[in-house]
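Chains as they are written, first to last, in UniProt numbering: chain A, 1 to 253; chain B, 1 to 253.
Don't take every hint at face value.
Chain copies aren't distinguished; within one or between two, either way the pair holds.
[As the list claims (entries may be wrong)] 25 Å max Cα-Cα, derived SDA-like pairs, lysine to any residue:
#, residue 1, residue 2
1, K23, L249
2, K166, S91
3, K166, F90
4, K166, R92
5, K23, Y110
6, K56, M202
7, K23, F90
Simulated from the structure, these hints should not be mistaken for lab results. Treat the numbers as computed from the prediction; the structure is a model and nothing was measured.
Protein chains: 2
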Amino acid sequence: MTLLDTVVMQGLDSHGVLTADDKTLLLSLELNARRVTAGEVLWQEVADVDLFCVVKEGWAYSYRNLGNGSMQILKIYLPGDIIGMRDFGFSRRLAGVAMINEGVICPFSYQQLFELFARSSSLAAGIIATTVRQQAMLTERLVYLGRYAAHERLAHFLYELYLRLKRINAVEENGFFMPLSQEQIGDALGLSAVHVSRTFSMLRDEGLVERDRQHVVLPDPQALARLVEFNDTYIDESLPPAFQNFLSLNRIA
Amino acid sequence: MTLLDTVVMQGLDSHGVLTADDKTLLLSLELNARRVTAGEVLWQEVADVDLFCVVKEGWAYSYRNLGNGSMQILKIYLPGDIIGMRDFGFSRRLAGVAMINEGVICPFSYQQLFELFARSSSLAAGIIATTVRQQAMLTERLVYLGRYAAHERLAHFLYELYLRLKRINAVEENGFFMPLSQEQIGDALGLSAVHVSRTFSMLRDEGLVERDRQHVVLPDPQALARLVEFNDTYIDESLPPAFQNFLSLNRIA
DNA sequence: CACTTTCAATAACATACGTTATGAGTCGAT
DNA sequence: ATCGACTCATAACGTATGTTATTGAAAGTG
Numbered sequence: 001m002t003l004l005d006t007v008v009m010q011g012l013d014s015h016g017v018l019t020a021d022d023k024t025l026l027l028s029l030e031l032n033a034r035r036v037t038a039g040e041v042l043w044q045e046v047a048d049v050d051l052f053c054v055v056k057e058g059w060a061y062s063y064r065n066l067g068n069g070s071m072q073i074l075k076i077y078l079p080g081d082i083i084g085m086r087d088f089g090f091s092r093r094l095a096g097v098a099m100i101n102e103g104v105i106c107p108f109s110y111q112q113l114f115e116l117f118a119r120s121s122s123l124a125a126g127i128i129a130t131t132v133r134q135q136a137m138l139t140e141r142l143v144y145l146g147r148y149a150a151h152e153r154l155a156h157f158l159y160e161l162y163l164r165l166k167r168i169n170a171v172e173e174n175g176f177f178m179p180l181s182q183e184q185i186g187d188a189l190g191l192s193a194v195h196v197s198r199t200f201s202m203l204r205d206e207g208l209v210e211r212d213r214q215h216v217v218l219p220d221p222q223a224l225a226r227l228v229e230f231n232d233t234y235i236d237e238s239l240p241p242a243f244q245n246f247l248s249l250n251r252i253a
Numbered sequence: 001m002t003l004l005d006t007v008v009m010q011g012l013d014s015h016g017v018l019t020a021d022d023k024t025l026l027l028s029l030e031l032n033a034r035r036v037t038a039g040e041v042l043w044q045e046v047a048d049v050d051l052f053c054v055v056k057e058g059w060a061y062s063y064r065n066l067g068n069g070s071m072q073i074l075k076i077y078l079p080g081d082i083i084g085m086r087d088f089g090f091s092r093r094l095a096g097v098a099m100i101n102e103g104v105i106c107p108f109s110y111q112q113l114f115e116l117f118a119r120s121s122s123l124a125a126g127i128i129a130t131t132v133r134q135q136a137m138l139t140e141r142l143v144y145l146g147r148y149a150a151h152e153r154l155a156h157f158l159y160e161l162y163l164r165l166k167r168i169n170a171v172e173e174n175g176f177f178m179p180l181s182q183e184q185i186g187d188a189l190g191l192s193a194v195h196v197s198r199t200f201s202m203l204r205d206e207g208l209v210e211r212d213r214q215h216v217v218l219p220d221p222q223a224l225a226r227l228v229e230f231n232d233t234y235i236d237e238s239l240p241p242a243f244q245n246f247l248s249l250n251r252i253a
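Model the full assembly from the supplied sequences, consistent with the hints where possible.
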């Protein structure tokens with residue numbers, strides 16, 4: 001899973017927007033691979049902003065530790081995701097990031113990113129689009145935290161994971177590996193671990209979710225999607241035609 | 001209030017990153033002013049993404065209308081803010097935007113934005129930084145929706161508005177004009193209007209917030225900030241030195 | 001000026017969720 | 001095999017917040 005394989009970049013490439021140089025430049029962000037252990041903290045809140053990362057293997061999450069002793073998990077990162085763009089333009093991290101399980105990440109520097117922007121406005125637009133898409137997921141989470149009940153939050157969370165994992169071929173027969181504890185899920189959904197457990201039981205009783213330890217099966221993904229009125233554009237949609245056209249025009253000019 | 005007056009662009013300019021051409025280019029986004037009425041919908045959810053806007057006067061908000069009949073307000077836009085970057089890279093709007101009171105907006109097109117990216121990587125970086133900052137506010141809201149009680153959410157919301165309004169000189173003697181109904185505040189904070197009213201009463205009784213219709217006074221802003229442990233970096237901080245340096249290097253090269 | 005509509009305060013009641021506690025699996029370390 | 005540390009399920013109980021309703025004040029409309 002490289003950045004070239006993401007929806008956004010695939011969209012650009014399939015429309016001939018990316019030159020060979022662009023591709024080399026993009027992949028140069030992933031030259032520096034590093035193995036990381038489960039639970040390893042990539043950076044803490046308030047650390048200096050020095051680098052960004054591409055996740056190659058494993059799951060990570062960004063989080064905030066709060067004054068009242070609780071934690072809010074902001075986002076789950078899967079292979080192919082860029083970590084850290086949240087802090088672009090800030091001198092201190094706004095959130096910590098830690099690995100959930102072991103994996104491989106590719107750090108790259110501020111400078112590499114700026115060089116990329118300077119050399120290719122197509123890639124710049126692509127990176128912005130990628131960042132905006134991550135934000136769209138966060139916005140969706142915000143909506144669920146604000147206006148939906150626990151069972152809808154959990155159903156939405158699981159279905160979103162399901163779609164994202166399907167994109168990277170990590171779903172088999174409607175089942176997937178999910179290394180999150182119920183406490184972590186609660187921290188992501190603004191619920192207590194106890195209530196996450198209750199809610200899982202409820203979804204199980206309704207035949208919507210089966211779970212055994214770290215393996216989750218959605219027997220009928222469509223039913224789950226209907227329950228939460230899932231709109232998948234923000235995950236699956238490739239870049240709009242207008243976007244591609246402008247970029248190829250700019251390239252030629 | 002123009003884009004050149006925002007924290008991000010001020011930061012770039014004061015470090016000599018922006019050329020005269022850059023400034024002209026940036027201000028060209030604001031050539032096309034239009035007066036809008038209170039309550040006017042700038043665009044609906046699922047509309048085509050054709051343009052973005054700079055708010056010159058008045059308040060606006062982005063929102064989602066939900067299947068369960070409720071609404072979630074995502075963000076309040078004040079003069080100087082860019083509206084619509086949330087949808088960059090999508091063909092359909094992810095959220096509707098409407099004016100709260102009457103005002104003036106400056107629409108600009110996808111094409112204008114791409115031309116700006118192509119002509120100036122400094123401005124591209126600046127626009128990204130601006131977008132990321134807006135997202136930081138949203139992330140902060142998410143944290144409050146997930147892990148804080150009603151009085152903390154409201155206190156945080158009011159204090160954030162206070163800081164943002166202070167930045168644009170719209171605060172006098174710790175008081176400001178706030179054209180939001182309690183229902184709208186509830187839709188922003190994930191609360192019922194009734195509970196917003198209760199919570200206002202509570203904050204009033206504690207001497208933290210005075211309110212008369214659309215006029216709000218924070219008698220002791222610091223006390224309010226302490227209550228919510230407000231971290232103002234994401235609103236007040238200018239761009240980090242490293243950021244500026246890279247950009248001026250790129251410009252010379 | 002009447003008339004309606006909107007907005008806000010407050011009360012009474014209902015409930016979803018948090019908190020605390022307990023016991024049963026599971027896993028890794030020794 | 002034994003132990004401790006996690007993780008999870010479930011129950012009992014408390015509470016913050018939602019819902020519905022009533023009233024009054026303010027603002028818009030003819």
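For each hint, the structure was consulted:
no.: 1; hint: K23 - L249; result: both (18 Å within a copy, 24 Å between copies)
no.: 2; hint: K166 - S91; result: between (35 Å within a copy, 22 Å between copies)
no.: 3; hint: K166 - F90; result: between (33 Å within a copy, 21 Å between copies)
no.: 4; hint: K166 - R92; result: between (34 Å within a copy, 23 Å between copies)
no.: 5; hint: K23 - Y110; result: both (19 Å within a copy, 24 Å between copies)
no.: 6; hint: K56 - M202; result: neither (34 Å within a copy, 49 Å between copies)
no.: 7; hint: K23 - F90; result: between (27 Å within a copy, 22 Å between copies)
Checked against the numbered hints given earlier, this structure breaks only hint 6.
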